[in-house]
Amino acid sequence: MAAKGNAAGHSTGAASRRPAVAAAAELTVISGEESVAITLDKVIHERIRLGIVSALAVNTQLSFNELKQLLQTTDGNVSVHARKLEDAGYVSCTKGFDGRVPRTEYRLTAAGRKALERYLSHMEALISAARRK
Amino acid sequence: MTKRTTDDAPKRTVIGKGPLLTPEPRIVRPPNDLQDRAKDDLRYIRSTMERAGSFTSVSGTGMMMVGGIGCAAWWWGRGLRFDIDATSLLAIWLSSAFAAVVISVWAIRRKADETRQSLRSGPARTFVIAFVPSLLAGVVLTVLFFLREQTGWLPGTWLTLYGAAVAAGGATSVKPVPIMGALFMLLGVAAFLYPGRAQLALLAGFGVLHLAFGFLLRKRYGG
Chain G
62 MAAKGNAAGH
72 STGAASRRPA
82 VAAAAELTVI
92 SGEESVAITL
102 DKVIHERIRL
112 GIVSALAVNT
122 QLSFNELKQL
132 LQTTDGNVSV
142 HARKLEDAGY
152 VSCTKGFDGR
162 VPRTEYRLTA
172 AGRKALERYL
182 SHMEALISAA
192 RRK
Chain A
543 MTKRTTDDAP
553 KRTVIGKGPL
563 LTPEPRIVRP
573 PNDLQDRAKD
583 DLRYIRSTME
593 RAGSFTSVSG
603 TGMMMVGGIG
613 CAAWWWGRGL
623 RFDIDATSLL
633 AIWLSSAFAA
643 VVISVWAIRR
653 KADETRQSLR
663 SGPARTFVIA
673 FVPSLLAGVV
683 LTVLFFLREQ
693 TGWLPGTWLT
703 LYGAAVAAGG
713 ATSVKPVPIM
723 GALFMLLGVA
733 AFLYPGRAQL
743 ALLAGFGVLH
753 LAFGFLLRKR
763 YGG
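Residue numbers (this note's numbering), protein chains in the order written: chain G, 62 to 194; chain A, 543 to 765.
Hint data in this document are derived by calculation from the structure and do not stem from the laboratory. We put the CB at the ideal spot given by N, CA and C, even for glycine. A couple of the hints might just be wrong.
[Stated by the list, open to error] Quick list of in silico lysine-lysine cross-link-like pairs, DSS-like style, CA-CA up to 25 Å:
no., chain 1, residue 1, chain 2, residue 2
1, G, 129, G, 103
2, A, 581, G, 175
3, G, 103, G, 175
4, A, 581, G, 103
5, A, 717, A, 761
6, G, 129, G, 175
[Claimed, not checked] A few chain A residues that face chain G, going by a derived Cβ cut-off under 10 Å, partial list only:
no., residue
7, 576
8, 577
9, 579
10, 580
11, 586
12, 587
13, 592
14, 593
15, 594
16, 620
17, 667
18, 668
[Unchecked claim] Some chain A residues well away from chain G (every beta-carbon gap over 12 Å; in silico):
no., residue
19, 581
20, 626
21, 682
22, 683
23, 691
All chains should be modelled from the sequences, with the hints used to inform the complete structure.
What follows is the structure, given as structure tokens:
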């Protein structure tokens with residue numbers, strides 16, 4: 062059920078209680094004479110997905126359980142959000158076995174790394190625009 | 543109930559290509575909640591990266607046990623000199639090093655099991671990759687100095703290279719670990735400068751520093 066609920070892009074906990082800032086793609090911010098055109102990436106804007114991408118950015122690969130513990134979330138959340146990132150081509154997933162135990166490993170793709178860098182630039186641009194106001 | 547007019551309504555960010563609420567809805571000033579969210583997102587990314595990149599299975603208990611072995615090795619070899627009794631001292635310190643490695647691996651595995659952290663995770667692998675090369679360099683130099691009969695250099699070499707290994711591996715671990723590595727390197731320099739006090743430097747490093755930082759790690763991070 063949790064997984065189903067999260068398929069719509071919602072997350073549990075504090076993240077879901079936060080004000081939604083952007084649900085769509087384009088936003089232009091004016092600060093004084095300047096304007097900053099920002100295209101927010103909906104795929105990694107969601108909190109759990111942002112966490113997955115950030116964690117994978119500093120690790121070659123992480124297992125499903127490591128991501129779950131790191132983000133302190135449920136199996137369903139990690140599963141659904143990792144699948145969305147996989148569908149977007151931001152992470153790659155390898156399934157194997159550790160002895161007899163199934164093990165799912167995730168890696169950040171080049172597109173995923175680029176998306177995170179772009180997202181960071183957008184957040185910094187928003188903050189800079191606010192400072193110049 | 544009071545009917546709220548458009549002017550009374552809170553200013554909102556209009557984003558996207560959907561139905562528009564104002565004539566120019568995509569041109570907005572960044573409202574406070576948007577700036578706050580951006581700041582919060584950056585904080586979240588940074589903290590997630592820090593947590594994901596840290597190897598926290600360094601065991602305080604294991605380190606204290608290694609410190610105990612270091613003290614025992616010093617006591618066993620006290621009164622001997624590296625430039626004169628090299629074979630005896632090598633036997634003492636190398637057997638101690640072997641025992642220390644066995645205990646450390648056991649303690650790290652135990653802590654990793656307790657904290658359910660995988661020793662195959664990215665941070666653990668990075669820790670090992672950063673830690674091992676300096677130790678291998680130490681093995682090479684130990685063999686070389688022994689064969690060339692320059693064993694007086696061994697204490698400084700061991701302390702400096704072990705310190706380098708801990709500092710490099712500790713870059714992916716909790717803060718006290720790289721600090722301990724740096725202190726080991728300082729003791730290594732002291733051992734090079736004062737070869738007559740090399741045994742004391744070994745005691746201060748492999749004994750006292752391990753005991754002190756092991757206690758600190760155990761107290762602060764458990765295990």
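Verification of the hints:
The hinted pair formed by residue 129/G and residue 103/G meets the criterion: a straight-line CA distance of about 21 Å does not exceed 25 Å. The hinted pair formed by residue 581/A and residue 175/G meets the criterion: a straight-line CA distance of about 20 Å does not exceed 25 Å. Restraint check for residue 103/G and residue 175/G: satisfied, since their Cα atoms lie roughly 14 Å apart, inside the 25 Å limit. The suggested pairing of residue 581/A with residue 103/G holds, with an alpha-carbon distance near 17 Å, which does not exceed 25 Å.
Of the pairs offered as hints, the one joining residue 717/A and residue 761/A holds, with about 14 Å between alpha carbons and a cut-off of 25 Å not exceeded. Proximity of residue 129/G to residue 175/G is assessed by CA-CA distance (about 23 Å); at most 25 Å being required, the pair is judged to hold. Checking residue 576/A against chain G by beta carbon gives a least distance of about 5 Å; that is within 10 Å, so the hint holds. Annotation: interface hint on residue 577/A holds; nearest CB of chain G at approximately 4 Å, less than 10 Å.
Satisfaction of the interface hint for residue 579/A is found here, the shortest Cβ-Cβ separation to chain G being roughly 5 Å, below the 10 Å cut-off. About 4 Å separates the beta-carbon of residue 580/A from the nearest beta-carbon of chain G, less than 10 Å, and the hint is met. This hint holds: residue 586/A has a C-beta 7 Å from the nearest C-beta of chain G, less than the 10 Å allowed. Annotation: interface hint on residue 587/A holds; nearest CB of chain G at approximately 5 Å, less than 10 Å.
Among the interface hints, the one on residue 592/A holds; its C-beta lies about 8 Å from the nearest C-beta in chain G, closer than the 10 Å criterion. Interface restraint check for residue 593/A: the shortest CB-CB distance to chain G comes to about 6 Å, inside 10 Å, so the restraint holds. For residue 594/A, the shortest C-beta to C-beta distance to chain G is roughly 4 Å, which falls under 10 Å, so the interface hint holds. The criterion of a C-beta within 10 Å of any C-beta in chain G is not met by residue 620/A, whose closest approach is roughly 45 Å, and the hint is violated.
A cut of 10 Å between beta carbons decides the hint on residue 667/A: the least distance to chain G is about 7 Å, and the hint holds. Against a cut-off of 10 Å between C-beta atoms, the interface hint on residue 668/A holds, since the closest Cβ of chain G lies about 8 Å away. Look at residue 581/A: its CB is around 6 Å from the nearest CB on chain G, not clear of 12 Å, so calling it non-interface is violated. Listed as outside the interface, residue 626/A is consistent with that label: its C-beta sits roughly 48 Å from the nearest C-beta of chain G, beyond the 12 Å cut-off.
At the 12 Å boundary, the C-beta of residue 682/A stays outside the reach of chain G, the nearest C-beta of that chain being 28 Å off. A cut-off of 12 Å between C-beta atoms confirms that residue 683/A is not in contact with chain G; the least separation is 31 Å. Every CB of chain G lies more than 12 Å from the CB of residue 691/A, the least distance being 44 Å, so the non-interface label holds.
Of the numbered hints stated above, those contradicted by the structure are hints 16 and 19, listed in ascending order.
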